[in-house]
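The listed protein sequences derive, respectively, from chains F and Z.
Numbering of the first sequence is given in our numbering, commencing with residue 622 and proceeding in unit increments.
Numbering of the second sequence is given in our numbering, commencing with residue 622 and proceeding in unit increments.
Hints are computed from structural coordinates only; laboratory data are not their basis.
Computed from a predicted structure; not experimentally measured.
Where a beta carbon is used, it is the ideal one built from N, C-alpha and C, also for glycine.
Some hints could be false.
[Claimed, not checked] Quick list of the computed label-pair ranges, beta carbon to beta carbon:
#1 Z:Arg1027 / F:Leu699: 48 to 58 Å
#2 Z:Leu1063 / F:Thr852: 37 to 47 Å
#3 Z:Ala752 / F:Glu851: 50 to 60 Å
#4 Z:Ala1078 / F:Glu1059: 22 to 32 Å
#5 F:Glu1038 / Z:Ser684: 27 to 37 Å
#6 F:Ala686 / Z:Pro1082: 28 to 38 Å
#7 Z:Glu925 / F:His943: 24 to 34 Å
[Claimed, not checked] Output of the computed footprint for chain F on chain Z, the stretches with three or more beta carbons under 8 Å from beta carbons of chain F:
#8 915-921
#9 1006-1015
Protein chains: 2
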Amino acid sequence: MQSDSILVRESRSEAAGTAGVIAALAARFGDRMTTAAAVREAHGRGEGLRDLFAPSAVVWPGSSAEVGEILALCNAALVPVIPFGTGTSLEGQLQALNGGISVDLSRMDRVIEVNAGDMDCRVEAGVTREALNHAIRDAGLFFPLDPGANASLGGMASTRASGTNAVRYGTMREVTLGLTVVTPQGRVIRTGGRARKSAAGYDLTRLYIGSEGTLGIITELQLRLFGIPETISAASVQFASLGAAVEAVMAVMQMGISVARIELLDAVQMRACIAWSKLSGYAEAPTLFIEFHGSPAAVAEQIEQVRGVTDAFGGSAFAFAHATEDRNRMWRARHDAYHAARGLAPGKDSFTTDACVPISRLAECIAESHAEAESLGLTAPIVGHVGDGNFHMLVLFDPADADERRRADRLATSVSERAIRMGGTCTGEHGIGVHKLEAMVLEHGAGAVAVMQAVKAALDPNGIMNPGKTVPSTVFPL
Amino acid sequence: MQSDSILVRESRSEAAGTAGVIAALAARFGDRMTTAAAVREAHGRGEGLRDLFAPSAVVWPGSSAEVGEILALCNAALVPVIPFGTGTSLEGQLQALNGGISVDLSRMDRVIEVNAGDMDCRVEAGVTREALNHAIRDAGLFFPLDPGANASLGGMASTRASGTNAVRYGTMREVTLGLTVVTPQGRVIRTGGRARKSAAGYDLTRLYIGSEGTLGIITELQLRLFGIPETISAASVQFASLGAAVEAVMAVMQMGISVARIELLDAVQMRACIAWSKLSGYAEAPTLFIEFHGSPAAVAEQIEQVRGVTDAFGGSAFAFAHATEDRNRMWRARHDAYHAARGLAPGKDSFTTDACVPISRLAECIAESHAEAESLGLTAPIVGHVGDGNFHMLVLFDPADADERRRADRLATSVSERAIRMGGTCTGEHGIGVHKLEAMVLEHGAGAVAVMQAVKAALDPNGIMNPGKTVPSTVFPL
Chain F
622 MQSDSILVRE SRSEAAGTAG VIAALAARFG DRMTTAAAVR EAHGRGEGLR
672 DLFAPSAVVW PGSSAEVGEI LALCNAALVP VIPFGTGTSL EGQLQALNGG
722 ISVDLSRMDR VIEVNAGDMD CRVEAGVTRE ALNHAIRDAG LFFPLDPGAN
772 ASLGGMASTR ASGTNAVRYG TMREVTLGLT VVTPQGRVIR TGGRARKSAA
822 GYDLTRLYIG SEGTLGIITE LQLRLFGIPE TISAASVQFA SLGAAVEAVM
872 AVMQMGISVA RIELLDAVQM RACIAWSKLS GYAEAPTLFI EFHGSPAAVA
922 EQIEQVRGVT DAFGGSAFAF AHATEDRNRM WRARHDAYHA ARGLAPGKDS
972 FTTDACVPIS RLAECIAESH AEAESLGLTA PIVGHVGDGN FHMLVLFDPA
1022 DADERRRADR LATSVSERAI RMGGTCTGEH GIGVHKLEAM VLEHGAGAVA
1072 VMQAVKAALD PNGIMNPGKT VPSTVFPL
Chain Z
622 MQSDSILVRE SRSEAAGTAG VIAALAARFG DRMTTAAAVR EAHGRGEGLR
672 DLFAPSAVVW PGSSAEVGEI LALCNAALVP VIPFGTGTSL EGQLQALNGG
722 ISVDLSRMDR VIEVNAGDMD CRVEAGVTRE ALNHAIRDAG LFFPLDPGAN
772 ASLGGMASTR ASGTNAVRYG TMREVTLGLT VVTPQGRVIR TGGRARKSAA
822 GYDLTRLYIG SEGTLGIITE LQLRLFGIPE TISAASVQFA SLGAAVEAVM
872 AVMQMGISVA RIELLDAVQM RACIAWSKLS GYAEAPTLFI EFHGSPAAVA
922 EQIEQVRGVT DAFGGSAFAF AHATEDRNRM WRARHDAYHA ARGLAPGKDS
972 FTTDACVPIS RLAECIAESH AEAESLGLTA PIVGHVGDGN FHMLVLFDPA
1022 DADERRRADR LATSVSERAI RMGGTCTGEH GIGVHKLEAM VLEHGAGAVA
1072 VMQAVKAALD PNGIMNPGKT VPSTVFPL
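Next up, chain F with everything else stripped away, as it sits in the complex:
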């Protein structure tokens, strides 16, 4: 926990109207508003890089209407607003670069409706994915998206999150039917609906998904749900080389074999997981964790198909995790990969790359990135949602070693540029935040960035919504 003086030092400036807004919020929200240093600090950064920019105050609204009141107040006073879910974003989305009000949605945690017959639900933005799954399990339903962290669904929509199951079930872009959004002007609007498809006007749902709180605050979501599969089977398979593992994944995807998850862990990551999660029976070698969903016959067919492919690439015999307990142990190790990898070098800091490329380029992209990390002398274990062409390197560096930090930054920039050069993206699922802003023009071109800037200026003319994120500040003409 840092001291107040550090908090103040790390905020660049504070809007003139902030004091007035804080006074008004205190009068309106009572003890649901605070300026306590410890709370502000806990709201001033996410995970990943730990640079702190604390907000001036934190407020906990209980409804969309209350969010509307807060935004109208801030908009009139030109005070920045930073939406907050569970604080697990990775790209600096939560940094209050110029102070402002952190709007914490964690008390908006109602599951509003579950429509089992339509396999959809409506939730408030503060509901976490685990809380939702708990609420719908008895109806035989589940919400598949799993980014690792027990993130809020509003935060997952805001960053266009996905995770291990996206290869089969899609990302937040695909599973969200509609939203309630509060505009910077304080107005509560609804987008989308409950129909599975619609051609009625601009796709505002998709516009707000991935906008990282820069256009408004998502306060409710209508989400697709899925029937819990009749059969779930999981397996792991290990390979002699990283290339063989990735090429096996490429072949599985190119053959159109249905898998629910297909996750890569490289040898360094496996070493970390074996130590951290007490995994037994695994070598420190590149490994795929795979899960199959479907009817018993469909799952049996998928397993045979995948086994045929992995055999062809020299994979070890499948180790099956049929029992729920074995499966859970395997996936828990996968989920704890971040902590396991950090355990490789206690005291070091870290960040995570997020390249996503067309599947045909995946082996090349991973091989080059892996070789570059080695040549830079960096420890950077690889995990990946490789069925989507998405992989992460957890780049470890000593914050006191300026040269190592520079090499880490060089690797991160290089991985983003490589992914873009291969027709992919600098971020498959973590978002732009502040850390990837410099890649935006390279990835999209100045023309597309100009269109994003025009949309931002039109919908948030005072620029109060999560300023300094997502869209570069250098203005390009339309």
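On the provided structure of chain F, position chain Z as indicated by the hints.
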């Protein structure tokens, strides 16, 4: 073919700069530009209601850069631009309400690249879905979206089209990875990429999809492709009542059974199809046409599951169309349903409703709409992509019978309102155009419409792009 005098009468007005733009286009594009009345008329309406608003001229660009030249010219002169694909839109999207330039993309018909390993391709906007399928068949790939008409892919993206296969493969929203768009200012931009997912900034791809040419012109598309299924099997099953047929579909969807198409035709539509397409072996009764895609084992399993459901709802024995020829005959009849239905009342005019509702409300929505048509004394056969909750009524009316036209309009309005009331949308796949504008505020609320208007004003400040479409003209404040 109508005379020039009618053309002039039906355009409301013409921008002052039009003559200058036409002269400039003639100088630049030569015989790739025309003001011939017959051509203008052919570009002044789509299918569906035949009200004609002819453009002032038609131009055929050959590249994105040429589209950019045309738009820059029109933007400077404040002359409207109406993008044109194959002319098969249904909601008046092509009407040149105030004259202007029709930009016909049919000569931009190159398949630019096919990436078999990634199952994607890049095409110019004028490529039709049939031409694309012809080009990729030898690679073992297909593009599943099938709206009936052999529409251009640019037009399909612009209207967020879908069709019979959407229940399995999604709509243009899901299968489009990226776009090239020419902005109203004449700038060529690229959106999205080739990665399967991305969290990099605002989702401009989805913003342009469904925007009906009101924000810019789509000139290229990066599209997902799919492997031709190992096994394709089709079947039809008939029911004693419309309700039983729809409830069977609801049960299939709620059980999560995988079908590639599941299409409803009501008794009137079947009567029309039997006559028009010389279908033998069918009763004039509510019918489902179903198609299954997958491995032999998966298809066999799907068929057994669906047969179990349809048996439970009193469906006739499955009539299988195993042979490609039988399958093609069945789907050709489905595709010709529009012409078949119009054949029920030669000389009558028609339009098509497009309600899409949550699947749990589908039986109720269809039953009420069917009963209303009967009580209004209208012939309005029903076809539907019922797996998505989407159905169409082809409403027939005598254009010379003002009362019948009024009743037809009343039915259309009522079907839209009913779908919205049930949590659905007035348009599942045909778009807003001019015909559904009045439903926009009812469906989205004034707040969301205000956001759409702000986006439109920001990206097309001169209002040249397909004016009078998609977004209501009554301005709502943000």
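Hint check:
no.	hint	in the structure
1	Z:Arg1027 / F:Leu699: 48 to 58 Å	holds, 53 Å
2	Z:Leu1063 / F:Thr852: 37 to 47 Å	holds, 44 Å
3	Z:Ala752 / F:Glu851: 50 to 60 Å	violated, 41 Å
4	Z:Ala1078 / F:Glu1059: 22 to 32 Å	holds, 30 Å
5	F:Glu1038 / Z:Ser684: 27 to 37 Å	holds, 28 Å
6	F:Ala686 / Z:Pro1082: 28 to 38 Å	holds, 33 Å
7	Z:Glu925 / F:His943: 24 to 34 Å	holds, 25 Å
8	915-921	holds (count 3)
9	1006-1015	holds (count 3)
Violation of the numbered hints given earlier is confined to hint 3; every other hint is satisfied by the structure.
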